[in-house]
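K.L.:
For reference, each letter of the sequence shown is one residue, going 0 to 396 in numbering that gives the first Met the number 0.
Just so you know, the hints here were simulated from the structure itself, not pulled from any lab data.
Certain hints may be false.
As the list claims (entries may be wrong) - Taking CB as the label site, the calculated pair distances span: (1) Tyr109 x Lys268: 30 to 36 Å; (2) Lys200 x Thr32: 25 to 31 Å; (3) Lys85 x Glu363: 18 to 24 Å; (4) Leu377 x Trp111: 33 to 39 Å; (5) Phe228 x Asn261: 17 to 23 Å; (6) Ser65 x Tyr109: 19 to 25 Å; (7) Glu262 x Phe83: 47 to 53 Å; (8) Asn64 x Arg212: 52 to 58 Å.
Beta carbons: idealized from backbone N, C-alpha and C, even for Gly.
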Amino acid sequence: MNIYIYNCSNTFNYGSMMMGENFISYFNKITGTKNNYYLETVEEINIKRIIEATGINEIYSVGMNSLFKEELNKYDYMFSYMKFKKVISGFANGIDLVIVLGGDDFTEYYGWKSPIVNGIKLNLLKKEGLKVVMFGQTMGPYHSFRKPIMKQLLSKIDKIYPRDPITYNYLKEFGLKNISITDDLALLPLSKQELKEKTKKYITYCPSELIYRYSKEGNRQDWIDFNLFMIDKIMNKYKDKKLVLLAHVLKPEHVDDRIIVNELYGLVKHKYMDRIIIENNEMYPYGVRNYIQQSLFTISSRMHPVVSSIQCEIPAIALSYSSKYWGIIDERYGLGEYIIDVRYLSYDEMKEKFVCLMDKIELEYEPIQQKIKNKNKLANENIMQTLREIVDLDDGK
0 MNIYIYNCSN
10 TFNYGSMMMG
20 ENFISYFNKI
30 TGTKNNYYLE
40 TVEEINIKRI
50 IEATGINEIY
60 SVGMNSLFKE
70 ELNKYDYMFS
80 YMKFKKVISG
90 FANGIDLVIV
100 LGGDDFTEYY
110 GWKSPIVNGI
120 KLNLLKKEGL
130 KVVMFGQTMG
140 PYHSFRKPIM
150 KQLLSKIDKI
160 YPRDPITYNY
170 LKEFGLKNIS
180 ITDDLALLPL
190 SKQELKEKTK
200 KYITYCPSEL
210 IYRYSKEGNR
220 QDWIDFNLFM
230 IDKIMNKYKD
240 KKLVLLAHVL
250 KPEHVDDRII
260 VNELYGLVKH
270 KYMDRIIIEN
280 NEMYPYGVRN
290 YIQQSLFTIS
300 SRMHPVVSSI
310 QCEIPAIALS
320 YSSKYWGIID
330 ERYGLGEYII
340 DVRYLSYDEM
350 KEKFVCLMDK
360 IELEYEPIQQ
370 KIKNKNKLAN
380 ENIMQTLREI
390 VDLDDGK
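Build out the structure end to end from the sequences listed, making use of the hints.
P.N.:
Here you go:
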């Protein structure tokens, strides 16, 4: 089977890489065959990294937007949707299945134009007879004139798999029939993930160069000050632990977490000496999980380090800036009380809650782990069932 994968073009966003590598690894296991996977990317290194992480060689690089002709603009897609123009590339004729991996790019968090244009593009592929599946999505809400447009576009997709109940219920109320709930692909073990002893010798923190832009109050310096507060509280409370400052997104440059990781390290390294570990080099997601498995708990301003922490059965404190955290961590796992939502809390409120959550994790450590373990079993079963459904969907074409 020839499978085209959207949204795995950047393996230096470890969350995206985990979803991509797990889809490829587990889909091969489900089908029992060596499928060919075509990943959009502008850098060949991303393909090499996926091959290294999965051990699967049938993964190939294609340019961005390869299912369509070159040098198109948004109006070309609209004209094609109205049957005035042909925009599908010859390469698309050899593709059996199109997978749109999750993320939140079909929300309006980052603007409303992109979901519409991408929805039109997926509909054009459908009109050419390709099977199109959206896997692990956080979607909506849509507003104003976009509501009927997005409902029409999304209703034509073969199958949409939201990764959380908030999205699923929204799409159901939206009137879509082609939906089934699943779980985030990163909740599955990675191919090269080692089973490490839970030594609890670390506390892993994944800061974000993005999140302060969504905070209720304050600029970047206020966010740095809040981070320093958390670090001081951790280092004074857990004098036998080492703090790992780990960059989870390295590209693109404007959201490179190494910027804030390096800055924080520079501000605290002399104060805490060898108790601070900095991980700002290129890694594989399984390397990240090696740290997490040996941590007492995880803190993250990115969602997927929290997802990895859940997969490793390690408690986590999530610093949230969108509903996707609540959909997975709260609705799916019942761990919403460990979310600090920066959109609604002042810095003083966040500081108070952070201190309380460290105490709460200590008091409820084993019950948290047992809850995660039980939910992980259900998530694994659900994802594997979803993959089987996708195989059946393609067999029925």
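K.L.:
If a hint holds in the structure, say so; if it doesn't, say that too.
P.N.:
Evaluation of the provided hints:
Between Tyr109 and Lys268 the beta carbon distance is about 34 Å. The supplied range of 30 to 36 Å therefore holds. Checked against the given bound of 25 to 31 Å, the beta carbons of Lys200 and Thr32, roughly 42 Å apart, lie outside it. The hinted range of 18 to 24 Å is not satisfied by Lys85 and Glu363, whose Cβ atoms lie roughly 59 Å apart. Range check, Leu377 to Trp111: about 34 Å between beta-carbon atoms, so the 33 to 39 Å window is met.
For Phe228 and Asn261, the Cβ-Cβ distance of about 19 Å falls inside the hinted range of 17 to 23 Å, so the restraint holds. For Ser65 and Tyr109, the hinted distance range of 19 to 25 Å is satisfied, since their beta carbons lie about 23 Å from each other. Roughly 51 Å separates the CB atoms of Glu262 and Phe83, a value that falls within the hinted 47 to 53 Å. Restraint check, Asn64 to Arg212: a C-beta distance of roughly 28 Å breaks the suggested window 52 to 58 Å.
Hint compliance for this structure: hints 2, 3, 8 are broken, all remaining hints hold.
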